[in-house]
Amino acid sequence: MMTIGRSYLTTSALSAGLFALFAGSATAQSGADRNAYFGQTHSHTSWSLDAYIIGNHITGPAEAYQFSLGQPVKHPAGFDVKLRRPLDFQGVSDHSEYMGMVRLANDPTSPLSKQPIAEKLKVRTPADVIPIFKWLAGSLAKEEPIKELLDPSTAGTVWKQTIDIADKFYQPGKFTTFAAYEWTSAPNSRNMHRNVFFKDSKKVPALPFTAIDSVHPEDLWTWMDGQRKAGNELLAISHNANLSDGIMFPLEVDNKGRPIDAAWAQQRVNNEPLSEIKQIKGVSETHPVLSPNDEFANFEIMSFLLGVDNSVSRPHGSYIREAYQNGLAMQEARGYNPYKFGVVGASDSHNTVVSYTASNFFGQHGGLDASPQIRMAGKVEAGMSVLETSTSGLGGVWAEENTRESIFAAMQRKETFATSGVRMKVRMFGGWDFGTDALKPRDWAKVAYTKGVPMGGDLPPLKGDAPTFIVSALKDPDDANLDRVQVIKGWTKNGQIFEKVFDVVWAGNRQVDKATGKLPSIGSTVDIKQATYTNTIGAVELKTVWKDPEFDPSQHAFYYVRALQIPTPRWSTLDAKKVGVAPPSGVPASVQERAWGSPIWYTPTDAARAKAPPGVTVADLKQRGATALDDTQLKDLVSGKSLQVKNTVTGERFEITYGSGGKRMITSVAGALPTVGDMFGALHAGETGSSAEYQIRDGRITTNIDGSDFDVTVYKLGGKLVAARSNEFGYANYEMEEAKP
Amino acid sequence: MDIQSSSSDSGPKPSWARRLSREPLVHFLIAGAMLFAGYRMLNPEADRRELPNRVEVSDDDVAQMTIAWAAQWQRAPTASEIRGLVEAKVREQVMYREAVALGMDKGDAIVIRRLAQKMDFLAEDMSSVPDPLTSDLRTWFDKNGDRFALPALISFRHLYFSFDHRAGNTKADAERVLVTLAGKTASAADNESLADVFMLQDYYGDRSAEQVASMFGGTFAAKLFKLSPGTWLGPIESGFGWHLVWIDSVTPGRVPPFETIEGMVKSEWTNEQRMDAKRKVIDTIKARYEIVLPRSLRQ
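Heads up: the protein sequence lines correspond to chains A and B, in order. No gaps in the numbering here: position 176 of the first sequence is 176 in the working numbering, and each next residue is one more. No gaps in the numbering here: position 154 of the second sequence is 154 in the working numbering, and each next residue is one more.
Treat the hints as calculated values from the structure; they're not laboratory data. One or more of the hints may lead you astray.
[Stated by the list, open to error] In silico DSSO-like pairs for lysine-lysine, Cα to Cα no more than 27 Å straight-line:
1. A/Lys120 x B/Lys106
2. A/Lys451 x A/Lys543
3. A/Lys120 x B/Lys89
4. A/Lys114 x B/Lys223
5. B/Lys171 x A/Lys120
6. A/Lys114 x B/Lys89
7. B/Lys223 x A/Lys82
8. A/Lys114 x B/Lys118
9. B/Lys106 x A/Lys440
10. A/Lys122 x B/Lys89
11. A/Lys114 x B/Lys106
12. A/Lys646 x A/Lys493
13. B/Lys143 x B/Lys278
14. B/Lys171 x A/Lys543
15. A/Lys122 x B/Lys278
16. B/Lys226 x A/Lys82
17. B/Lys118 x A/Lys122
18. A/Lys147 x B/Lys89
[As the list claims (entries may be wrong)] To give an idea of the chain A side of the interface with chain B (calculated C-beta under 7 Å), a few residues:
19. Arg85
20. Pro108
21. Arg124
22. Asp128
23. Leu474
24. Pro477
25. Ala539
26. Val540
27. Glu541
Note that CB positions come from ideal geometry on N, CA and C, so glycine has one too.
If we strip away everything but chain B, and leave its shape as in the complex, we get (with noise of 0.2 Å):
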């Protein structure tokens, strides 16, 4: 599935600073620089690699573990308990160490899938986005202001034909009603004995298409929303019957103003804005690689 199209290449150019302040791959390399460094410094063990035959578990491993025993069983670990945990975790490093010497790493699904994760999130959380200026936003929006729409709601009253009643006829009925009511108000068709009596509503104001379609099918919806107000109209069909119909207002969808909406906008902006940041993190990084796919792929 495809991510919403981005939209950063459009729009007033901005400084050429700013341009390179929000390129996502420099966000990328220099946080990535710093992530890098801040790993190994809260990693050591990173280091620890120089020396294949050699594992060290410190105090400060050692308080690590205890914290997080204590955090799973709400209480302190036993000293036979500790040096469980160290045991295991020596067992752990001392097989690791020597799967990887073995190459076992290497082409292994859950590895390759873990390691690929990890830069995955690296990508993402690197991509965070700056807080827009509110003329950045207005832009933007200005632009995609569609995602914003609210549906179109109509008013509207009926004249009710029920094929219960008139089998048939209600068809004819209903044109031959809508005849006498030509050129005349709304309120020409207060007469009861016109139609027949409808068992929900016979004035609804403000409904989109979608309520309408529940209340009186889809395609009763879909006919409505094509007519125009101030005048009789119809007969159109709907699951229970015939119906003419007398639009009061039909309120075009439309998107609200940008005020009202602004912090919308903002959380639509920015999610855009990061998934975009992300994929250019991504195509940059597959642009450094050689990509050979089999001929029935190709395009």
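If we strip away everything but chain A, and leave its shape as in the complex, we get (with noise of 0.2 Å):
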């Protein structure tokens, strides 16, 4: 085994020192346009101690590269899997948490294994892996670090060699690598995980900084600041916001539990340019009860907490689109703004080689989805239902070369996308000078650079009476057509955060509808029995300049695309043939494949914002002599009464009725009884219409709503009631009265 190993990587090495005498021509291409290059951001060997323990026990970094690379690798379960077409770049990220450790103590090539800490880490039978991972990881979740491990001697080691192997199979202009791993921080199981990027190999640390320095992101933005004023350029890719229960994107304290501010925003916006959007556990763009509007929000997510069962991460505070919404809240409240960031889309495979399309689709958890058959048994491992995985996600950057110096630089100013595991190509320029004919010269785009911004960027100041937007989609010439091209746009009022999806342009004929302003679904061509789909419906590309209908100067917004594929049958449907079984019901039997953009973000002068008429602060009315109810006051009020609310930012009237038995429900919207959609959009813009549990106490009314605590402070003023909401950052929007029956 060991001397095979070895064998691969001379050869590889050869054919990656060949290709570099003639790769000087590929990357030649014409003047100040950028191309799409497509990479992996986020998987993992046989030397993430998880990994490991799944039954990944043989290939490494080395085997990683070569795979992307587009040569036969061996999946854990010893058969060879191949990507047909390469990628074009990839950082292997590892956990830090002892990387390399079971893995290299059980090579006996290995310095490691010579040293008398391996003894406690070989597997001698498959029953020894239990208990090494018990001790590893019941030191990480004690927070009880070994220090043997941790050595420089014994860490650095490891450490250094992914970064060799990461040099060596560089090939500036043809594949590009970076040194990379994963800070591996789940504080109670709630993920904080992040993805650190070296630009290059020069200047990389002895030891990477690791969970068990600091299970705090803010710790790791500090030492990564160190690191960049010591000229080693990094930076941090979040994941798995999806699985954070709601503390990846915080709104008044941070991970410390101090305050969030100014300086907490700019650190964070320094060190993390880019979060995953799509990877193998999930979505993390938006979750159907925070967009019940979005009727394709509901695409491959997944909500548990990894390591427990049964439990499900809160929505709030766990997606990126709400953060972008926040962000812009935040900016126009508090003068911050800390989630201006891009995405990707990556893997987060524990197999070393990973499966990003339904068609090739061979698992990503060891031994643990090894098969068709074992998928289809729809097991829980460690609360992950195997049937939810998702194949893996793409990383997108435009970048003028493939090198680590022009992908870095993409990554950084955000010019990225995902994609769901597709080829899919989508950009987005953002300007005031767009014209209709925008597209029509061949380089449209090199011109888009000079009247514009690409995404990721911030629009020019305020020109004309509404932004344009190039957006353009190329579908992958392997996989599904395109259905349509979305924008979706956020925008923020008063502490209060919108979002609104545009269809912008799609394939055939179909029109809008005007009672729904849906555009129709496209169809399908999905043969469920046979797993097979055909391209007879969709379209190949798909761009158009489009303006903001809805534009209002004084508001902070963001704009991203969104582009969906036909529908094609999920992986599941695919195993279900292989096996001969029906497609499993809990998930679907077909799904829209799609790309996502970067943001471009617009933020108003001072004098834009002044033409608009201020909202009420929380400040102002306490100026104004207002005082907040106490406990007791808030009970009389609301205790077993129904109250007639008036958001004074949408101008939506309803009525919430609360029980005295801790029970509120809205009752009704504009008089009328609820439809689903108001009850989804009323005082808890974007919640589930379902009663909510609620308390009094420290003088607000809390009530938690699909598992997060939003608290209600009522302030009286002369007659008036006007309520502030602890999200609405010191607005108070809510004028507030008992409804007469």
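With the hints as a guide, bring the two chains together.
As structure tokens, this is what we get:
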């Protein structure tokens, strides 16, 4: 086994060297335009502790790069797998905590295996794995570091080896590798993971900063700041916000319990230009609960706390779109936006090898999902339902050339996009001068760079009545056609957040339904039984120039593009066909694979903001002599009563009934029975309409919605009652009075 | 999995002495004997077996333990720590001797694996290959040049007929335009009204099949590389539509001249020789045993 591994390595290093001889020709491209490069920023090999434990024993970072280069590599279960089209870049991101220890202790050719401590890590029978895992994972959970394994002479050797391997596979112009690792902090199973990427390998430190050093992202950023100061440029990519239980994107206090301030926001923005929007453990764009009017929000949603069974991760604070929205509101109310970041798609495969598409799916978690039969069994492991896991996402960057400098710079300026795994290319430019014919010239993108900003950028100062956007999507030539391209807009007003999905260009002759404002479905060619589809519907390329029809120059806003493919069979449907069973019922039989672009932000000037009437803030109320109701007054006001509430931002009126037993329910909207959609959008914009628990304590009515607490404080000013909600950044947006029977 | 095949038994016959000097088993035996002698010298314990009831810890042993300790803990051990180390060592020795005396090493999977592994390393270390002569490398390269082949590269321009614009007529439209281009030059297609605007490039220089596949899809790449230069051809289908193509040039996959890659040839040669030598060592050792397999696995 060992010798085979080594022979692989020499052969590939050899072809790498050969390729460098003529790689120059592939990098030369026309003028100022940039190219889309596809890459993987998140994958694990046997060097990750958990990957080893679930059966990935042999293949390491070298094999991960070989796989991405298109060479056949062994799946942990022993069969060869191959990527049909090589990738352009990759940074293998093994968990930094005890990285490589178990794997290398069990590799007699490694220096580590000769050290005495290796004896404790040797797997002599399969049963040995469990105590070793308990020892190492237990040390992480109990925060009791195992000193011998963290010694620079041990951990540093492994870390250096990963960097050397990355350097060995780097072929500028052809295939870019990065020194990278995963900082694996998950306090109480709430995922705070980040992948750390280094711009080059020249000044990489002797040891990475791990979750053993600190579980707080703030400490990671401080370490990163220090690295940057020492001339070692690096960035972090957060992931699985969806599994963070609401702590990935906090609004009030940071991970150390300190109030969030401008310095915190700046440090976050400096260090975390990107977040993973899709990976095998779910999509972090948005959740149906947060975006009830987005009919495509329910895509590959996973919501659980890894390692804990039957626990749901709270949606609020766990999704990227809401973070973008709250970032705008924070910018408006507090003058800083910590959530100005772009997106990539990635994997998190623990198999060294990665499945990107449903048609080449081979599982992602060692022995837990290695065959169609095992996957179809519908098992739940450590809270993770195998059937709900997804294909790997894919990262895209628009860069000048395929080198570390160029790709890293694209990641830093957020000129990135994500796909659900397919090779779809999307881009967007925003500006004030794009005419309807902006796409006519053959070199339209070159012009767009001079007249506007690409994804990840800020719109230049207001000029004209509304911003225009060039959006373009090109299908994967080996995958399904395109259904539609959408622009997702988010904005804020007086601390409240809003979103709208615009269909901007689509395939076929469909018309937007006047009543619903929605574009009808493209239909489907999926034959579920045969697990096939055809490209007889949909488009190859969709592009247009779109102008925001609802632009308000006084409001902070962001815009990002989302492109959808026509429906195709989900991986589970293809597996079901292979096994000869009906597709599993808990997951959809077909999906619309998609791509997301990083946003472009609009920030109003002070003059533009001044034109809009200012909202009422708690500070204003207090200055005008308002007093907050105490617990007794609040109980008198609400308990067992119905209240008329007016949202002064939207003008909506609704009625809330607070039972005396601690439940509250929205009972009417604008004088009529609420529709489900209305209930979603009432006092708690975007919430489920079912009844919620409430409590009165510390001068607040605290309502628990989808697992998160929201506080309402009520102020009395003269004869009027005005309420402020805790997540509206100091605004008091609700006028209340007792409902007349 | 099979290790790459050997070719050491081909080519001009070297002299007997040189052949012998390259014979891995000879290396193995000589080096093995040296290693064994060296091992004895460095590990006198190996000789102490003759006194089964005596465990001796020498000053040298203590010095060794002290160094190992210091390497791990970044300080010298205290006197009591040294006593602890010695006690552990003694305990290990007596328990080990008792275990061997009771035959507990027999049939123990770990002991077996560990010893086999030691032999394996020995075989590999012994298979270290002497520096080859350039002429040897060249001879070997002549037979194994394929391993160093660069992929074929193609330079082509194309006219694009889009499914989006032409739906069911896409292929027919392309065929019609091809007729008008018959016998014409590459630049005859410069008229933009002939075809649709392609979203990527109209001309690609020196691309490998893999690169073409990632832009146009695998089927397109396979078909493209079958065409000949110098005339408008097609149409061929991609994931985007149909294309008429003009191939400027095809640089066939070629093996670079030996001089330009001698270093790579050497490392590949060395690797192969080592694998091969190791396999031979193991084969030779195996040949000294009668290996009996269950009937179902015989041949």
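Quick rundown of the hints versus the structure:
{"no.": "1", "hint": "A/Lys120 x B/Lys106", "result": "holds, 23 Å"}
{"no.": "2", "hint": "A/Lys451 x A/Lys543", "result": "holds, 18 Å"}
{"no.": "3", "hint": "A/Lys120 x B/Lys89", "result": "holds, 18 Å"}
{"no.": "4", "hint": "A/Lys114 x B/Lys223", "result": "violated, 53 Å"}
{"no.": "5", "hint": "B/Lys171 x A/Lys120", "result": "violated, 66 Å"}
{"no.": "6", "hint": "A/Lys114 x B/Lys89", "result": "holds, 18 Å"}
{"no.": "7", "hint": "B/Lys223 x A/Lys82", "result": "holds, 22 Å"}
{"no.": "8", "hint": "A/Lys114 x B/Lys118", "result": "holds, 12 Å"}
{"no.": "9", "hint": "B/Lys106 x A/Lys440", "result": "violated, 81 Å"}
{"no.": "10", "hint": "A/Lys122 x B/Lys89", "result": "holds, 21 Å"}
{"no.": "11", "hint": "A/Lys114 x B/Lys106", "result": "holds, 24 Å"}
{"no.": "12", "hint": "A/Lys646 x A/Lys493", "result": "holds, 15 Å"}
{"no.": "13", "hint": "B/Lys143 x B/Lys278", "result": "holds, 22 Å"}
{"no.": "14", "hint": "B/Lys171 x A/Lys543", "result": "holds, 23 Å"}
{"no.": "15", "hint": "A/Lys122 x B/Lys278", "result": "holds, 26 Å"}
{"no.": "16", "hint": "B/Lys226 x A/Lys82", "result": "holds, 24 Å"}
{"no.": "17", "hint": "B/Lys118 x A/Lys122", "result": "holds, 16 Å"}
{"no.": "18", "hint": "A/Lys147 x B/Lys89", "result": "holds, 23 Å"}
{"no.": "19", "hint": "Arg85", "result": "holds, 5 Å"}
{"no.": "20", "hint": "Pro108", "result": "holds, 5 Å"}
{"no.": "21", "hint": "Arg124", "result": "holds, 5 Å"}
{"no.": "22", "hint": "Asp128", "result": "violated, 10 Å"}
{"no.": "23", "hint": "Leu474", "result": "holds, 5 Å"}
{"no.": "24", "hint": "Pro477", "result": "holds, 3 Å"}
{"no.": "25", "hint": "Ala539", "result": "holds, 5 Å"}
{"no.": "26", "hint": "Val540", "result": "holds, 5 Å"}
{"no.": "27", "hint": "Glu541", "result": "holds, 5 Å"}
Hint compliance for this structure: hints 4, 5, 9, 22 are not met, and every other hint is.
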